[in-house]
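Colleague: Protein chains in written order, with full-length UniProt numbering: chain A, 1 to 327; chain B, 1 to 327.
In case anyone wonders, no lab produced these hints; they're calculated from the structure. Take the hints with a grain of salt, since some may be wrong.
No distinction is drawn between identical chains; accordingly, a pair holds when it is met within one copy or between any pair of copies.
Each computed DMTMM-like pair below joins lysine to aspartate or glutamate, with the alpha-carbon atoms no more than 20 Å apart [to be verified]:
#	residue 1	residue 2
1	Lys185	Asp214
2	Lys55	Asp97
3	Lys59	Asp189
4	Lys31	Asp213
5	Lys121	Asp312
6	Lys55	Asp214
7	Lys185	Asp97
8	Lys121	Asp33
9	Lys61	Asp213
10	Lys186	Asp68
Number of protein chains: 2
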Amino acid sequence: MRTFVVAAVLTLFTSSLGILTTVSQTSGGYKYDYATVPFLGELLKLLVSTFLLWKESNKPKPPRITTDWRSIGLYPIPSIIYLIHNNVQFATLTYVDTSTYQIMGNLKIVTTAILFRAFLKRKISKLQWMAIGLLTIGTTVSQVKGCGETDCRSLLAAPIQGYLFGILSACLSAMAGVYTEFLMKKNQDSLHWQNMQLYVFGVLFNMIRLTMDDILGAYEKGAWWSRLLVGYNVTTWLVVLNLGCTGLLVSWVMKYADNIVKVYATSMAMLLTMVLSIYLFNFRPTLQLFLGILICCMSLQMYFAPPQSLVDLPTQPTTNTAEAHRT
Amino acid sequence: MRTFVVAAVLTLFTSSLGILTTVSQTSGGYKYDYATVPFLGELLKLLVSTFLLWKESNKPKPPRITTDWRSIGLYPIPSIIYLIHNNVQFATLTYVDTSTYQIMGNLKIVTTAILFRAFLKRKISKLQWMAIGLLTIGTTVSQVKGCGETDCRSLLAAPIQGYLFGILSACLSAMAGVYTEFLMKKNQDSLHWQNMQLYVFGVLFNMIRLTMDDILGAYEKGAWWSRLLVGYNVTTWLVVLNLGCTGLLVSWVMKYADNIVKVYATSMAMLLTMVLSIYLFNFRPTLQLFLGILICCMSLQMYFAPPQSLVDLPTQPTTNTAEAHRT
Chain A
1 MRTFVVAAVL
11 TLFTSSLGIL
21 TTVSQTSGGY
31 KYDYATVPFL
41 GELLKLLVST
51 FLLWKESNKP
61 KPPRITTDWR
71 SIGLYPIPSI
81 IYLIHNNVQF
91 ATLTYVDTST
101 YQIMGNLKIV
111 TTAILFRAFL
121 KRKISKLQWM
131 AIGLLTIGTT
141 VSQVKGCGET
151 DCRSLLAAPI
161 QGYLFGILSA
171 CLSAMAGVYT
181 EFLMKKNQDS
191 LHWQNMQLYV
201 FGVLFNMIRL
211 TMDDILGAYE
221 KGAWWSRLLV
231 GYNVTTWLVV
241 LNLGCTGLLV
251 SWVMKYADNI
261 VKVYATSMAM
271 LLTMVLSIYL
281 FNFRPTLQLF
291 LGILICCMSL
301 QMYFAPPQSL
311 VDLPTQPTTN
321 TAEAHRT
Chain B
1 MRTFVVAAVL
11 TLFTSSLGIL
21 TTVSQTSGGY
31 KYDYATVPFL
41 GELLKLLVST
51 FLLWKESNKP
61 KPPRITTDWR
71 SIGLYPIPSI
81 IYLIHNNVQF
91 ATLTYVDTST
101 YQIMGNLKIV
111 TTAILFRAFL
121 KRKISKLQWM
131 AIGLLTIGTT
141 VSQVKGCGET
151 DCRSLLAAPI
161 QGYLFGILSA
171 CLSAMAGVYT
181 EFLMKKNQDS
191 LHWQNMQLYV
201 FGVLFNMIRL
211 TMDDILGAYE
221 KGAWWSRLLV
231 GYNVTTWLVV
241 LNLGCTGLLV
251 SWVMKYADNI
261 VKVYATSMAM
271 LLTMVLSIYL
281 FNFRPTLQLF
291 LGILICCMSL
301 QMYFAPPQSL
311 VDLPTQPTTN
321 TAEAHRT
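When you get a sec, could you build the whole thing from the sequences and use the hints?
Modeller: Have a look at this one:
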């Protein structure tokens with residue numbers, strides 16, 4: 001039940017993150033440097049985690065903390081994967097258009113499930129595999145361009161490198177997720193202490209990334225810390241706040257639920273964003289969005305509903321229960 | 001197993017019917033009067049059934065035949081429903097375009113399942129209901145127009161009467177199917193005798209329809225029997241032959257399998273026709289066709305696979321079997 005509530009809140013936050021990001025744009029562009037937002041997001045998460053760990057340490061039952069360097073040494077890995085992933089994303093986009101890129105992004109649902117099964121050794125029934133397939137198909141269906149929309153002739157007509165990078169991107173994304181779950185569940189350490197370690201490296205690697213970008217750009221826009229907060233408005237701060245909250249919720253899901261719950265939450269959030277965009281940004285509702293939502297809702301039920309409730313047949317004469325079970 | 005083979009053959013015949021009908025057109029139109037084809041199809045089925053019944057009656061175990069008029073009186077009803085259905089289809093098409101009409105046609109999957117449950121009192125599990133929903137969605141997804149295709153702005157933007165007629169059409173189609181199943185299964189009569197009764201009325205009602213059309217058209221094209229066989233070529237005869245075989249297979253399915261098997265066979269045939277059209281008529285393959293096929297294949301498994309094979313988890317340490325079953 002608690003998992004369901006957290007997953008629902010995560011869905012709402014992920015969805016509003018997309019909407020806030022769009023709202024924060026001024027006439028199609030950003031007045032602020034968008035690359036500084038994730039850095040502030042990580043910083044916010046670090047501050048919140050530190051505060052929560054301090055509060056927890058004042059409780060009668062102190063938090064469990066492992067300070068072994070061999071354990072701490074495992075925490076930069078998600079940040080490293082994300083750094084590589086960012087560059088692969090960039091490389092992918094040089095080969096494929098954004099529609100194809102968005103559609104290929106759904107592959108990470110399947111890759112996450114595969115790694116979840118292979119590395120975390122979690123059981124997935126045949127019905128649940130079908131549910132995962134349907135979630136991937138459902139999100140893809142919702143993204144199929146309607147008639148009259150532009151740049152769709154190029155859809156799925158990119159060079160082979162584009163698809164290979166897309167698959168690599170889906171694998172890296174899955175690796176980061178599955179590895180984080182492994183990390184959060186490997187011991188009984190306090191969630192806040194685990195988060196602190198994750199976010200220290202998160203802040204660090206974001207700083208490295210910003211510095212690298214500056215060096216590659218030959219400091220044309222000046223150093224990143226001089227651009228920090230420039231052009232920020234209320235919506236930008238809401239994006240930072242939202243990014244922080246979403247991250248903390250994902251950490252909770254990784255420790256107390258799993259990657260599949262996260263995958264469903266983010267997929268549902270994507271659909272919710274599309275529905276809200278119809279009202280907020282006058283997007284044209286499409287038949288394929290409606291069908292995609294139906295498919296994903298069925299997939300959700302297929303994955304999480306107790307199997308007995310799905311295959312048990314409706315009430316029938318007690319005499320042929322045995323026969324009914326064979327049906 | 002026999003059901004599976006018949007269903008597969010029915011799928012192939014239904015699919016080739018669509019392709020043969022397209023091939024039989026000369027530069028987009030028919031050189032022959034298309035309305036005469038179903039009449040000949042019914043006549044063919046009547047001849048074949050009569051022949052098979054005669055052969056069966058020479059066997060040591062003679063066929064069961066009920067000649068009670070109260071029983072025979074039930075056989076014109078499918079023909080009457082089809083006659084009404086034809087007129088409703090015609091009315092629907094005055095309100096909606098053919099794309100919308102085609103998409104609304106998928107509704108008959110759902111209406112058939114509802115009547116199948118309600119009138120034939122057949123059990124459908126929650127998973128099977130989802131499978132039926134997915135079959136409807138899958139066929140619809142495959143029909144979503146791709147970008148750049150014409151007349152899609154009008155999609156699902158028809159007056160309300162169009163949709164009401166569409167729903168009525170789906171209900172009539174389901175009624176005819178479910179009633180026929182009831183008729184074929186209500187006693188142990190020979191299939192060929194039951195077919196004979198069905199097709200006598202089929203021939204009769206087709207004649208009535210052709211005559212009515214002639215009267216309404218003020219005999220501008222002459223009487224229908226004078227147009228019979230005019231402009232027929234080999235392909236036209238193949239259409240007639242195919243129509244006859246498909247009808248006989250459907251009868252078999254209604255007696256020894258059920259309406260849901262028929263619905264799956266016709267839906268799969270629709271998808272197969274679309275795939276074959278890519279090769280035969282240079283149709284452009286679309287992402288939505290591919291997704292639709294995946295959805296329908298999963299639906300097929302969800303409906304017909306033994307539930308235990310779907311929800312049973314993969315091999316695991318025997319010690320936590322109990323826990324796994326709770327997952």
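Colleague: Could you run down the list of hints and mark each one as holding or not?
Modeller: To see whether the hints hold, each was checked on the structure:
Within a single copy, Lys185 and Asp214 get their C-alpha atoms no closer than 37 Å, and across copies no closer than 78 Å, so neither meets the 20 Å cut-off. When the C-alpha separation of Lys55 and Asp97 is checked against a cutoff of 20 Å, the pair qualifies neither within a copy, at 48 Å, nor between copies, at 66 Å. For a Cα distance limit of 20 Å, the shortest separation of Lys59 from Asp189 inside one copy, 15 Å, qualifies, whereas the shortest one across copies, 81 Å, does not. Proximity of Lys31 and Asp213 under a CA criterion of 20 Å is satisfied intra-copy only: 18 Å inside one chain copy versus 70 Å between copies.
Taking the closest pair of Cα atoms, Lys121 and Asp312 come within 20 Å of each other only across two copies (16 Å); inside a single copy the shortest separation is 28 Å, beyond that limit. Within a single copy, Lys55 and Asp214 get their C-alpha atoms no closer than 38 Å, and across copies no closer than 89 Å, so neither meets the 20 Å cut-off. Taking CA atoms no more than 20 Å apart as the test, Lys185 paired with Asp97 passes in neither setting, with 38 Å inside one copy and 56 Å between copies. In the homo-oligomer, the alpha carbons of Lys121 and Asp33 never lie at most 20 Å apart, since the shortest distance is 41 Å inside one protomer and 64 Å across protomers.
In the homo-oligomer, the alpha carbons of Lys61 and Asp213 never lie at most 20 Å apart, since the shortest distance is 45 Å inside one protomer and 88 Å across protomers. Proximity of Lys186 and Asp68 under a CA criterion of 20 Å is satisfied intra-copy only: 14 Å inside one chain copy versus 76 Å between copies.
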